[in-house]
Amino acid sequence: MQDAFFCRGSNETVLFVQDKEDGMEHGDEWDEWSHGKTLTKPPDQLELTEAELNETFTRILTATNPHAPQNIVRYSFKKRSYKPISAVDQMAVHFVLEGNLLYKDSDEARRQMAKQGLPAVIFVVFGSACIGFTQATPGEDAAEMEEVEEEDRPDSAASKTGKKEQKLTNQINFCERASQTLNNPPRERNCQTEPPPRCNFSAIANQWEIYDAYVEELQKQEKNKEKQKAIPSKKDDEDDDRGKKKMILMETQTQSDDLCKMAKATKILERMVNQNIYGDLAIDFKYYEDCSDEFREQEGTLLPLWKFQCDKAKKLTVTALCWNKKYQDLFAAGMGSYDFSKQGRGVLVFYTLKNSSFPEYIYPTNCGIMCLDIHEQVSYLVAVGFYDGCVAVYNLKEDGQQPVYQSTAKTGKHTDPVWQVRWQNDDMDGNHNFYSVSSDGRVVSWTLVKNELVSTDIIKLTMEGVPHLSTASFDFHKQINHLFLVGTQEGKIHKCFKTYSSQYLETYDAHTLAVDAVKWNHFHPKVFISCSSDWTVKIWDHTINTPMFTFELYAAVGDVAWAPYSSTVFAAVTVNGKVHIFDLNVNKYEAICQQQVVAKKTKLTHIEFNLVHPLIIVGDDQGYITSFKLSPNLRKQPKVRQSSLSRLTDVMPMQI
Amino acid sequence: MASEVEETLKRIEGQRGVVGTVVCNADGIPIRSSLDGVATAQYARLLRKLTVMAKSAVRDIDPQNDLTFLRLRSQKCEIMVGLENEFLVIVIQNLHQ
Chain C
1 MQDAFFCRGS NETVLFVQDK EDGMEHGDEW DEWSHGKTLT KPPDQLELTE
51 AELNETFTRI LTATNPHAPQ NIVRYSFKKR SYKPISAVDQ MAVHFVLEGN
101 LLYKDSDEAR RQMAKQGLPA VIFVVFGSAC IGFTQATPGE DAAEMEEVEE
151 EDRPDSAASK TGKKEQKLTN QINFCERASQ TLNNPPRERN CQTEPPPRCN
201 FSAIANQWEI YDAYVEELQK QEKNKEKQKA IPSKKDDEDD DRGKKKMILM
251 ETQTQSDDLC KMAKATKILE RMVNQNIYGD LAIDFKYYED CSDEFREQEG
301 TLLPLWKFQC DKAKKLTVTA LCWNKKYQDL FAAGMGSYDF SKQGRGVLVF
351 YTLKNSSFPE YIYPTNCGIM CLDIHEQVSY LVAVGFYDGC VAVYNLKEDG
401 QQPVYQSTAK TGKHTDPVWQ VRWQNDDMDG NHNFYSVSSD GRVVSWTLVK
451 NELVSTDIIK LTMEGVPHLS TASFDFHKQI NHLFLVGTQE GKIHKCFKTY
501 SSQYLETYDA HTLAVDAVKW NHFHPKVFIS CSSDWTVKIW DHTINTPMFT
551 FELYAAVGDV AWAPYSSTVF AAVTVNGKVH IFDLNVNKYE AICQQQVVAK
601 KTKLTHIEFN LVHPLIIVGD DQGYITSFKL SPNLRKQPKV RQSSLSRLTD
651 VMPMQI
Chain V
1 MASEVEETLK RIEGQRGVVG TVVCNADGIP IRSSLDGVAT AQYARLLRKL
51 TVMAKSAVRD IDPQNDLTFL RLRSQKCEIM VGLENEFLVI VIQNLHQ
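Each protein sequence line maps, in turn, to chains C and V.
Going by our numbering, the first residue of the first sequence is number 1, and it counts up by one from there.
Going by our numbering, the first residue of the second sequence is number 1, and it counts up by one from there.
The hints are simulated quantities; they were obtained by calculation from the structure and are not laboratory data.
All of these numbers come straight from a predicted model, not from anything done at the bench.
For each residue, glycine too, the CB sits at the ideal point set by N, CA and C.
A few of these clues could be false.
As the list claims (entries may be wrong) - Estimated spans, in silico, between C-beta atoms of each pair:
| # | chain 1 | residue 1 | chain 2 | residue 2 | range |
| --- | --- | --- | --- | --- | --- |
| 1 | V | V58 | C | T193 | 45 to 55 Å |
| 2 | V | D60 | C | K478 | 51 to 61 Å |
| 3 | V | A2 | C | K315 | 30 to 40 Å |
| 4 | V | R73 | C | D427 | 14 to 24 Å |
| 5 | C | Y380 | V | I61 | 30 to 40 Å |
| 6 | V | G17 | C | Q479 | 44 to 54 Å |
| 7 | C | D457 | V | V58 | 54 to 64 Å |
| 8 | C | T602 | V | E13 | 28 to 38 Å |
| 9 | C | I231 | V | E13 | 46 to 56 Å |
| 10 | C | L611 | V | R73 | 32 to 42 Å |
| 11 | C | K225 | V | K76 | 33 to 43 Å |
| 12 | C | E590 | V | A2 | 53 to 63 Å |
| 13 | V | V58 | C | K225 | 30 to 40 Å |
To be verified - Think about it this way: if two alpha-carbon atoms lie no more than 20 Å apart in a straight line, the pair counts; the simulated EDC-like pairs of lysine to aspartate or glutamate are:
| # | chain 1 | residue 1 | chain 2 | residue 2 |
| --- | --- | --- | --- | --- |
| 14 | C | K354 | V | E86 |
| 15 | C | K264 | V | E6 |
| 16 | C | K450 | C | D427 |
| 17 | C | K261 | V | D66 |
| 18 | C | K261 | V | E7 |
| 19 | C | K264 | V | D62 |
| 20 | C | K264 | V | D66 |
| 21 | C | K267 | V | D66 |
| 22 | C | K326 | C | D426 |
| 23 | C | K312 | V | E6 |
| 24 | C | K267 | V | D60 |
Claimed, not checked - Covered stretches of chain C (in silico footprint by chain V; criterion: 3 or more residues with CB under 8 Å from a CB of chain V, positions within the stretch not fixed):
| # | stretch |
| --- | --- |
| 25 | 180 to 191 |
| 26 | 207 to 219 |
With the rest of the complex left out, here is chain V:
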């Protein structure tokens, strides 16, 4: 199971335009990343905050609902965050091939 996920992450990293992926655990500590240390820490820290707020917003409206994905599209790139079991998977992809 873990190897399949690892393979999927490698495939994602190999796709066109993808800058990198970061996987964080429940405490916000990155456990696997394809970016350098500084960028990893930055993405992990900032997106952790954002997802906590987004999750709070979603659950405040309906406590039985929960946040699954978050997509942040900017001029240069798109940051996609998937949440599952308190883990965060972050993928950064450049647009404008």
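Only chain C is shown next, with the shape it has when bound in the complex:
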């Protein structure tokens, strides 16, 4: 009987005729069949009208998968937006079954066949892609078992090709046969070795460790290069030996002199300790400004700062002071004695503001020092003049307490105390030279030629009748090199030229007692100042015979100095322990500062302005050097437009 079912759309009724295998009675069959023809409605069938039933619905069969999504979108990075995909996979997989069929010519199949012992010949006959496998009939089981065993052994030759009518092995029915052999009793055997020695190693890889390693590597390479260069030149063997000996010596030295290595560090530490002790002074020096100056109008004050003293310089008088041009915190002080009867030793000391408790350099001398000067460019050369008429040059860079050059009677030393030395510009051969002036009336130029001091007399200062004049001070003009002034013990000031050895250009009747200091103004080319033991300080214009200004200080004036920052400011020290500071721009008749800086009995001998800082140092006859900070009123500088020169000119009185 046939099975038949058909459907016309989902809306239509389903008619199906059942199939019966076994034959039935005709009459029953008819009944059944007729019954089968009547419509059997399922209970949930849709009720539709005739028109609706006859409606035809067209169905289009397409190859598309109805379950495949139609609206897949993918993000397009090019367009930065979501784009629908046009082609969607339409394959619908209904059924998947993994089969176990092998292509007969593939590797796997061949291997299997080789295992089973089937010759390849048989399969050539079959040829096609289907694999034939045989099933052994049950009757032949026993015989085949043996054969299977044979085939199971891998080294059986029968498994390979060549035999035509080979019994095909049975893969399913086989039995295993085994036999137990005697097992040898196991025995353990071992030996223990000593563990290799271990040590812990740890290191830190810092940036500087890496850098150091590279630097070492570089140095090794350079040494290798040098060695390679040295090998061809065999003459260097001797030098190498000497070099090696030197190296060994150096090493032994450095091992023994442990402390030498720390010279620099200890020096700085000493300064640090001093800074802690005198920390206030350092801060004052830098930052303190006397505010009361605003209310005081014109007057100013001096703030005492460091006090410098040295054991070796006790009881000696400060006879010379000089600031170093290159290192502005370093100054030199020469100690000796002005007293004829108390002549003894002297000492040259160098102090720095950074360490006020001990000098940087000390040079003890046999004879008292009267004057000193530090070279402007070569700041380690110091020229010193002694009471016994000698001059000497010290080199600060050299070790040792002796001067590098010293004049002797043979080389033309003075016969009287040397009152002033001054470095000059290098001469045409490039040698350093300086001038010295002494009470024996000679102005001598000394030149440093190689290892010697060569002297040349420049001028012999004489007066009518008197063979020689006793000079006490001199000063060279700042701009005009060959012009200089000489002050004498008699109170006269002479203006001379280096080149004119016999005549003075001009003589000024300056003072009644010895002229202790003459100084040219730093700014004005015509003005100079002089001070004397006759209690006065006078300011001159060198073209005019009479002084422009005269100041009475009521005590013998030891020294006078122009300020380096203003053409109208100068300072003077007197033997009663006072410092007087004048500013001609502010007050033409009186000092703007008169301060007692030391005990009344102590005489002040020298004063110097610092070139950069608002600081003055004052030396006295007890061997102390005191430093003071100038208050703002004392430091008035000209404004930029108005030059210092014009300031002084304005102040100078009109001369008819």
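We have chain C; now place chain V onto it with these hints.
What follows is chain V alone, placed relative to chain C:
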């Protein structure tokens, strides 16, 4: 040279407020000290560690740089350490004269 350094150290020890000085060699062993043994060992040991760390910090930032001085200021005193050629010079000074 050595005597000058010795003199400088003596001067430092004589300054106002200075408690003492210690000089250590490259291994951290004190070779010269003005303090007693216990204090010397303590200062040497502790400051050695500190300077090694400080030196490492300075050189880590710039390997071509190196530590020269270290100043440690506390309420009561100031410890100053100078480094040169692997040697350490330590000065302890009291503040508040």
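Next item on the list: Hint by hint, work out which the structure violates, then give me just those numbers in ascending order.
Entry: Numbers 4, 11, 14, 19, 24, 25, in rising order.
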